[in-house]
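Visitor: Assemble the whole structure, with the sequences as input and the hints as a guide.
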Amino acid sequence: KAGVTQTPRYLIKTRGQQVTLSCSPISGHRSVSWYQQTPGQGLQFLFEYFSETQRNKGNFPGRFSGRQFSNSRSEMNVSTLELGDSALYLCASIRDGETPEAFFGQGTRLTVV
Amino acid sequence: DAKTTQPPSMDCAEGRAANLPCNHSTISGNEYVYWYRQIHSQGPQYIIHGLKNNETNEMASLIITEDRKSSTLILPHATLRDTAVYYCIVRPYSGNTGKLIFGQGTTLQVKP
Chain A
2 KAGVTQTPRY LIKTRGQQVT LSCSPISGHR SVSWYQQTPG QGLQFLFEYF
52 SETQRNKGNF PGRFSGRQFS NSRSEMNVST LELGDSALYL CASIRDGETP
102 EAFFGQGTRL TVV
Chain B
1092 DAKTTQPPSM DCAEGRAANL PCNHSTISGN EYVYWYRQIH SQGPQYIIHG
1142 LKNNETNEMA SLIITEDRKS STLILPHATL RDTAVYYCIV RPYSGNTGKL
1192 IFGQGTTLQV KP
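Going down the list, the protein sequences come from chains A and B. Each position in the first sequence, counted from 1, maps to that position plus 1 in the working numbering. Each position in the second sequence, counted from 1, maps to that position plus 1091 in the working numbering.
Just so you know, the hints here were simulated from the structure itself, not pulled from any lab data. Please note that a few of the clues may not be correct.
Claimed, not checked - Pair ranges (Cβ atoms, derived): (1) Gln45/A to Asn1144/B: 27 to 33 Å; (2) Gln55/A to Leu1171/B: 39 to 45 Å; (3) Ser71/A to Met1101/B: 44 to 50 Å; (4) Ala1104/B to Ser71/A: 50 to 56 Å; (5) Thr1156/B to Arg10/A: 39 to 45 Å; (6) Gly98/A to Ala1104/B: 34 to 40 Å; (7) Gln42/A to Ser1100/B: 27 to 33 Å.
To be verified - Just a sample of chain B residues kept apart from chain A, beta carbon distances all over 12 Å, derived: (8) Ala1104; (9) Glu1105; (10) Pro1112; (11) Asn1114; (12) Gln1133; (13) Asn1145; (14) Ser1152; (15) Asp1158.
A virtual CB, placed ideally from N, CA and C, is assigned to each residue, including glycine.
Guide: Written as structure tokens, this is what we have:
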């Protein structure tokens, strides 16, 4: 079956711009979570969406937002980009069940210049 | 903050067993231990998880101490392709949750 698809894979933006990243989860999965990975901070949880509702949120400024559509696809948006937003953004598709399992996409590499 | 502590790096000879330790002394009774690994610049990959019994799958074995305060991931015959960052995570048994709190992990270097 198809895995988690993140688009685009690479992106270069200028400070002050905004960016939208997309994630298509595995078919049948209703939960999607987003992570930011930087060399200094490691993997940090951004937010999680389940059935179009934000269920959990990490400790990030309001410039970071997301949403989920009825087909479970999710987008995250970062407004007023800063140099420090340069990172690998990872999306995880969560399999429901007694012991949930996360399947990660390959990520979107965002570079802010 | 992460609820686990791992050594920052380890080496292992190819073909030998790799034993990666993890301390989770504050683990709660309703929390599982999960292991993921991340090969350079790829998304993390699920390896194994357990509650209190030892577990084994095609990738690895997980040994959890009786008091559940620590665990060891065992890769029985490490190969060069097992070189990666290994993350030990505790997460609650609460149905559906995608919130994983990653620590710094252990960088495993498998050497020929």
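Visitor: The structure should be examined with respect to each hint, and the outcome stated for every one.
Guide: Taking the hints in turn, this is what the structure says about them:
1. Gln45/A to Asn1144/B: 27 to 33 Å: Given about 31 Å between the Cβ atoms, the range holds.
2. Gln55/A to Leu1171/B: 39 to 45 Å: With a Cβ separation near 41 Å, Gln55/A and Leu1171/B satisfy 39 to 45 Å, so the hint holds.
3. Ser71/A to Met1101/B: 44 to 50 Å: Cβ of Ser71/A to Cβ of Met1101/B: about 45 Å, so the range 44 to 50 Å holds.
4. Ala1104/B to Ser71/A: 50 to 56 Å: With a Cβ separation near 51 Å, Ala1104/B and Ser71/A satisfy 50 to 56 Å, so the hint holds.
5. Thr1156/B to Arg10/A: 39 to 45 Å: holds, 41 Å
6. Gly98/A to Ala1104/B: 34 to 40 Å: holds, 37 Å
7. Gln42/A to Ser1100/B: 27 to 33 Å: Taking Cβ atoms as reference, Gln42/A and Ser1100/B lie about 19 Å apart, which means the hint is violated.
8. Ala1104: holds, 27 Å
9. Glu1105: Per Cβ check, Glu1105/B is outside 12 Å of chain A; nearest 26 Å; holds.
10. Pro1112: Correct as stated: the minimum Cβ-Cβ distance to chain A is 19 Å, above 12 Å.
11. Asn1114: Fine: 18 Å to the nearest Cβ keeps Asn1114/B off the interface.
12. Gln1133: violated, 6 Å
13. Asn1145: Check passes; 16 Å lies beyond 12 Å.
14. Ser1152: holds, 17 Å
15. Asp1158: holds, 21 Å
The structure shown violates the earlier hints numbered 7 and 12.
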